[in-house]
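Chain residues, written in single-letter form:
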Amino acid sequence: MATIAPLAEAVAHVVRDGDTVAFEGFTHLIPFAAGHEVIRQGRRELTLVRMTPDVLYDQLIGAGCARKLVFSWGGNPGVGSLHRFRDAVQNGWPRPLELEEHSHAGMANRYVAAASGLPFAVLRGYTGTDLPGRTANIASVTCPFTGEVLTAVAALELDAAVVHAQRADRHGNVQLWGITGVQKEAVLAATRSLVTVEEVVDELEPRPGAVVLPSWVVDYVAEAPGGAHPSYAHDYSVRDNDFYVAWDEISRDREKFARWLGSVA
Amino acid sequence: MMTVAAARALRDGAVCFVGIGLPSTAANLARRTHARNLVLVYESGTIGAKPDRLPLSIGDGVLADTAVSVVGVPEIFNYWLQPGRIDVGFLGAAQLDRFGNINTTVIGGDYRNPGVRLPGAGGAPEIAASCREVVVVVRQTERAFVERVDFVTSFGFGSGAGERERLGLTGAGPQLVITDLGVLRPDPVTRELVLTELHPGVDVATAHERTGWDLRVAADLGRGEPPTDHELAVLRELTR
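Taken in order, these protein sequences are the chains called R and P. Numbering-wise, our numbering puts 155 at position 155 of the first sequence, and it's gapless, one number per residue. Numbering-wise, our numbering puts 85 at position 85 of the second sequence, and it's gapless, one number per residue.
Where hints are given, some of them may not hold.
As the list claims (entries may be wrong) - Pair ranges (Cβ atoms, derived):
1. P:Ala218 / R:Thr191: 55 to 63 Å
2. P:Glu237 / R:Lys256: 18 to 26 Å
3. P:Thr190 / R:Pro144: 33 to 41 Å
4. P:Asp52 / R:Val201: 46 to 54 Å
5. P:Arg11 / R:Pro144: 18 to 26 Å
6. P:Thr239 / R:Val238: 36 to 44 Å
7. R:Glu249 / P:Glu237: 26 to 34 Å
8. P:Pro226 / R:Val201: 53 to 61 Å
9. R:Glu9 / P:Thr66: 33 to 41 Å
10. R:Pro119 / P:Arg11: 38 to 46 Å
11. R:Arg44 / P:Ala218: 37 to 45 Å
12. R:Ala136 / P:Arg240: 30 to 38 Å
13. P:His34 / R:Pro225: 43 to 51 Å
What the hints assert, rightly or not - Capping the alpha-carbon separation at 20 Å, the derived lysine to aspartate or glutamate pairs in EDC-like fashion look like this:
14. R:Lys68 / R:Glu9
15. P:Lys50 / R:Asp235
16. P:Lys50 / P:Asp65
17. R:Lys68 / P:Glu231
18. P:Lys50 / P:Glu197
19. R:Lys68 / R:Glu205
What the hints contain is simulated information worked out from the structure, not anything from laboratory work. Bear in mind the structure is a predicted one, so any value in this text is a computation, not a measurement. Note that beta-carbon positions come from the ideal geometry of N, C-alpha and C, so glycine has one too.
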């Protein structure tokens, strides 16, 4: 049964120094408010996991929270590069960042394996690319039925998962809809989880196609209206595309970034 | 011209896996001109999206609002892409080599200490592997068109004929490379990319200059038609 708590308290319980943690969201429902709380609380040595580390991860990396990044596409979607990510990889600033790199299909399947309680997932992927040589978490496996050689990817087990959703009820059942990415898989792949929501309601109205995470698979729920900004929450807000464009300039320069960081902390 | 040429490459009724940027612009242009029944699939999980404006990212709300269905990301890759249910995949490239291999990972230095760190793979390796065919859209420069890519993010034809087949890849690979200068297609035997068409006003010498390998030119080199007024009007409306 999930505990409903204020954001700072929930983050303090769920995200700890040295954790392997995913703040998931595929463009939609990215848990920015929770990520900023992690920056404020000064978490360190995190292994950050996400298919599309975008602006939120650029901020966490620039703030020095991360030791390692496990990912499949690190850019500012539709805009360009992530400059804090690039600065960490190319110049070790503010500290060196270890990378473990996959494809989207590989990452998605790694989450599925962990959510399914299996040690690995199988896919027809990575073939012919230079990616398998870069990580021990990609291997080949022979199908016991056909003999076909396929790719195996290790389950992506998380210490913590943080996602954002539209609503929860007072018992901590969580409802989300629209582009649902790998949020469900990330929560089910994690030992501890936090869901920030636009609002806590007395009763969840059923919505066709909406994903419900029942209270007993969620540890903490925190109300954070607008907590996905500059990403969005379908039916609550729209994506602030201007901020994503503006981030390009803020993040290019270490001093401008430091000023931004000061405004969050 | 690159966008218009890419749009023209999409036939009506095709199912197209669309990335953001030029591919999305081209696919939406095609849907508003000659290919009204083009099916747009975005990796965020939207199938059959019909956006009334161009999304900035592959996960903008307008895609979910107008889609036939919205599914999770594992499903997009496992059910829809992997078994070959997508006709055309659109890819960009930071580097492209003479056998259509693509690099979007690192340039220069070594992998751990790269000269330039790029965004990485995203959906591209499996799009390159599993779509029935791949269209690559890339600006033709000597830096981008290299003899051999620094990192194979997405597999084209490897080092030539027969390699895709040996690896068991189901899709036909890069069948069309559209640049700001013209169009390249793989040689049916050797799989080396050959210049087969030039855009209006471009000459062969420029194509040679902006290619980092000894570029082969087709004997029956074609010449693309300039954009029509209609195409330009729709494109302006889209990118306004």
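Outcome of range test on Cβ distance (Thr190 (chain P), Pro144 (chain R); 33 to 41 Å): Between Thr190 (chain P) and Pro144 (chain R), where Cβ atoms are some 38 Å apart, the hint holds.
Range hint compliance [Cβ, Asp52 (chain P) to Val201 (chain R), 46 to 54 Å]: violated (31 Å)
Arg11 (chain P) and Pro119 (chain R) - C-beta distance against the hinted 38 to 46 Å: holds (43 Å)
C-beta pair Glu237 (chain P), Lys256 (chain R): status relative to the range 18 to 26 Å that was hinted: violated (35 Å)
Given pair status - Glu9 (chain R), Lys68 (chain R), alpha carbons within 20 Å: violated (25 Å)
Proposed proximity, Asp65 (chain P) with Lys50 (chain P) (alpha carbon, max 20 Å): Since the Cα atoms of Lys50 (chain P) and Asp65 (chain P) sit roughly 9 Å apart, the hinted pair holds (cutoff 20 Å).
Cβ separation of His34 (chain P) and Pro225 (chain R), checked against the hinted range 43 to 51 Å: Once the Cβ atoms are compared, 45 Å apart, the range 43 to 51 Å for Pro225 (chain R) and His34 (chain P) holds.
Cβ separation of Glu249 (chain R) and Glu237 (chain P), checked against the hinted range 26 to 34 Å: 28 Å Cβ-Cβ, so the 26 to 34 Å window holds.
Hinted pair Lys68 (chain R) and Glu231 (chain P), Cα distance within 20 Å: violated (46 Å)
Pairwise beta carbon distance, Ala136 (chain R) to Arg240 (chain P), judged against the given window 30 to 38 Å: At roughly 49 Å between Cβ atoms, Arg240 (chain P) and Ala136 (chain R) fall outside 30 to 38 Å, so the hint is violated.
36 to 44 Å as the expected CB spacing between Val238 (chain R) and Thr239 (chain P), which holds or is violated: 20 Å Cβ-Cβ, so the 36 to 44 Å window is violated.
Consistency of beta-carbon spacing, Ala218 (chain P) to Arg44 (chain R), with hint 37 to 45 Å: violated (58 Å)
Going through the hint list in order, the structure does not satisfy hints 2, 4, 5, 6, 11, 12, 14, 17, 18 and 19.
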